[in-house]
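Asker: Each chain is listed here by its residues.
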Amino acid sequence: MGVELATDRPGFYEMVDVDVSDSELVYHVRDALKSVSQGDSDHYNQLIAVMHYTGRLAPDEVAMLVTSLKALSGSISYIDIIHHESLLSSIFGMSMWNYGPDVMDALVELIISLAASNGKFVDSCLDMLVRNFMPPKSYLDLLGHPRGLARKHEVLDRVHSALSHIADLVPLAPMRLTPIILQRMPHMFDKEALIVIYVESMLLLESSALGELVGSTMLMALVDRLIDLDVEISWDDIIHEDSGKGIFDMELEDVDDIIDHAEIDGFEHPRGTAGSQILGTNAVADKLDSLMVLICEHLKSCADGERLTKVFETLLQSFWVTVLNAYKSKFSQFVMFYACSLDPEHCGERFAVFLADIFVCRTHPALTRMSAVAYLASYLSRGKFLPLSLIASTLKRLVDWCLEYCHVQNGEEKTINLEAHRVFYSGCQAIMYVLCFRMRSMMDSHRLKSQLLHMPLEPIFCHQLDPLKVCLPSIVEEFLRQAKAAHLFTVSETFLFNNLLESDLSKAFGGMERLDMFFPFDPCLLKKCDRFIRPSFVYWSMVKTTYDDGEDCSSEEDINEYFDGNGKSYMESGITRSLDEHDLDLDEFEYQLNKMSITPRNSLKNGLIFKLENPFRMPARIRPSTSPESL
Amino acid sequence: MEGLKVSDANLVVYIHPSKAGKVSQSILRELSTLLFKYNEIFDGVVLAYDVTIQNKNAKVLPGIYPCFGVKLKAKMLLFSPKPDMLLEGKVVKLGKESLHVIVLGFSSASIAEEDIREEFRYRIKHGEEVFASTSHKRHVIKVGSMIQFLVKR
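First to last, the protein sequences are chains A and B. To convert, note that position 338 of the first sequence is 337 in numbering that gives the first Met the number 0; the numbers rise steadily by one, no gaps. To convert, note that position 145 of the second sequence is 144 in numbering that gives the first Met the number 0; the numbers rise steadily by one, no gaps.
Chain A on its own, in the form it takes in the complex (with noise of 0.2 Å):
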């Protein structure tokens, strides 16, 4: 095979004649960088001259390119880390991105050849096939196109099966591999079309045969990356205004119904502008969303390839060690959950239990037990394919603790110290809120009825420390309505309803960081990920309660629009009716709210967007400063 010359350019070639064999060529070049030594760098800055071509390339220099690469790979072992490395860091220099496939092939041959060369030259080649992860800035812009994607696809190839191909031969080679993409990780702060491109290959590798070695610190490096997304996102910008629209605008998971709603006002409302409208143009929002997004994919195609199991320990490991202790992460949990409804059977199971087994360990910081039963509790309500067997025997071992710890507090306390008994109280609260969503299943159940009612809830709930007093009112009373209509307790009935205003207790034992309103799994507001998340996901307004018994054929209206098969509709009569069996209109029940919250009302927006959030009675945007999660 010959070479074309191309005689009007001057350079490297300029000495040698037509049809040079390849062999010649090499010699040529070996001469070149031996004489580099020796002080004579004419050839040799040609040579490097020959690197740096830039921009759209003619043929010939496109060839010129390929040859010369080709020699340097023939003469590796004549290539000196001192001598040359103004060449060396001409070749690492190179962007993959800018070269056609011949190039491209030539240059991951020399790169191949180089690491396993010398020891000396395996960081920077690993260095340089991580930086060709991304594409040069200039280019972003061109990675929606089908060019571009075509190109995308040429490099990355290429880059993964020379990372490959280097582990290989370079057995050690995965060692240096993973710190060098850790550190070459874009910024949270860059472009969000460079993350994701970056982020494709961490998963990529993950997935491939060095997926063994690099693979568990890669997912534990995206989960770090988005926690620190999440924690960028400031519960502000989970606010929404107020536009005086009806009571169901911004509910979630009713984006038909906004739609519907919408176009009999008479305008368009495009789809998915309840989430934008939520989440506002957040960048933050975005990046991470697009985060999730790859990661519940990548975990998909994980469990379709029977890997799910082995890359959820690490996902566990992961969450253990960073999105539990992080001052209530927003969405990131999501990555979990849509795992465990990937496999309910074994990744569900295990979450639970991991979760539980947290709670009740004693060695373990209170915060973070309460962390862990407040994961669980929202965990085992809004899993939609959790098996019923799994949660009630949970909250078996939830309800054994509690009773346990009453036992052991049989000391005649005139005033309790709420803060003391905090794991105690998260734990009540933890058991009222899984009930709240799955005691009419339960019931339903005969074998978990019987065992529902054996649990020892009663003289839990009535003792001495009083956690019916304590918890979220919100929750109390609405375990406490439940638990009525299933004839649950065997007390008086003036027990009940008698702590509506005691919110300021739950505060105390909640303490700084309000865990006491933390309910990780409620819906999420991502819009893309979303979509992952909502097959398996209960809303409360799919919950079944006890008292709905009698109630779902009462009025024709109710009904019909009962029969919609559409959660709004439920919803609705659910508010009409339960706002019409207490007598409360609109506007006293903002006062009944007001007076829950003793607190200045400019706190509301900052701490206590929560306290809102707990569903079961309340309007969606009745205050600027309620979340999104309606009824």
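If you're looking for bench data, these hints aren't it; they were derived computationally from the structure. Beta carbons: idealized from backbone N, C-alpha and C, even for Gly. Careful: at least some of the hints might be erroneous.
[Stated by the list, open to error] Every beta carbon over 10 Å from chain B, so not counted as near; a handful from chain A, in silico:
id, residue
1, Ser-74
2, Gly-92
3, Arg-146
4, Asp-167
5, Thr-313
6, Tyr-326
7, Leu-366
8, Asn-409
9, Ser-440
[To be verified] Incomplete in silico selection of chain B near chain A, CB under 8 Å:
id, residue
10, Phe-35
11, Val-91
12, Lys-92
13, Lys-95
14, Glu-96
15, Ser-97
16, His-99
17, Ile-101
18, Gly-104
19, Phe-105
20, Ser-107
21, Ser-109
22, Ala-111
Following the hints, complete the assembly by docking chain B onto the known chain A.
Answerer: Then chain B, alone, in the frame of chain A:
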């Protein structure tokens, strides 16, 4: 194969107080961080270790964290090839100009064309790249063969 040696080492491992409940586990973990890395003190790559704890008592190191030091005796298996040692390894890549070999499954070596014996010529036989001996017909080096070589540097 030369280049492997077993050394005795006296070590002190400092352990953070939080690991006081699981001392042996943390000792093993600490020593595992040495594995497959070249260690100047031992002058070699640590491949394996065998540990015996000398004493149940340990000295507490004064400082911000009261880490305690545990004295150990360990046998370390080290790999430290020196020039002119004979090593053997498996060929993983064959090119016109070089041979790439993996020694002991973790160490990679590269043999340049000029260092390969004259009798071996680069050929493509049956679509496969090999180094074939001109003197012995059956003697062929291809990907997957085990070869012995002298360490140059």
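Asker: Each hint needs a verdict: does it hold in this structure or not?
Answerer: Okay, the hints, checked on the actual structure:
1. Ser-74: violated, 7 Å
2. Gly-92: Gly-92/A is indeed farther than 10 Å from all Cβ atoms of chain B, at 24 Å.
3. Arg-146: Holds, since 34 Å exceeds 10 Å.
4. Asp-167: violated, 6 Å
5. Thr-313: Correct as stated: the minimum Cβ-Cβ distance to chain B is 18 Å, above 10 Å.
6. Tyr-326: holds, 23 Å
7. Leu-366: About 18 Å separates Leu-366/A from the closest Cβ of chain B, which puts it past 10 Å; holds.
8. Asn-409: holds, 31 Å
9. Ser-440: Fine: 42 Å to the nearest Cβ keeps Ser-440/A off the interface.
10. Phe-35: holds, 6 Å
11. Val-91: holds, 6 Å
12. Lys-92: Hint on Lys-92/B: holds, closest Cβ of chain A at ~6 Å, below 8 Å.
13. Lys-95: Because about 7 Å separates Lys-95/B from the closest Cβ in chain A, which is inside the 8 Å limit, the hint holds.
14. Glu-96: holds, 5 Å
15. Ser-97: With a closest approach of 6 Å, the Ser-97/B hint holds.
16. His-99: holds, 5 Å
17. Ile-101: Nearest chain A Cβ about 6 Å off; hint holds.
18. Gly-104: holds, 6 Å
19. Phe-105: Holds - the Cβ of Phe-105/B comes within 8 Å of chain A, reaching about 5 Å at its closest.
20. Ser-107: Cβ of Ser-107/B sits 5 Å from chain A, so the hint holds.
21. Ser-109: holds, 5 Å
22. Ala-111: Cβ of Ala-111/B sits 4 Å from chain A, so the hint holds.
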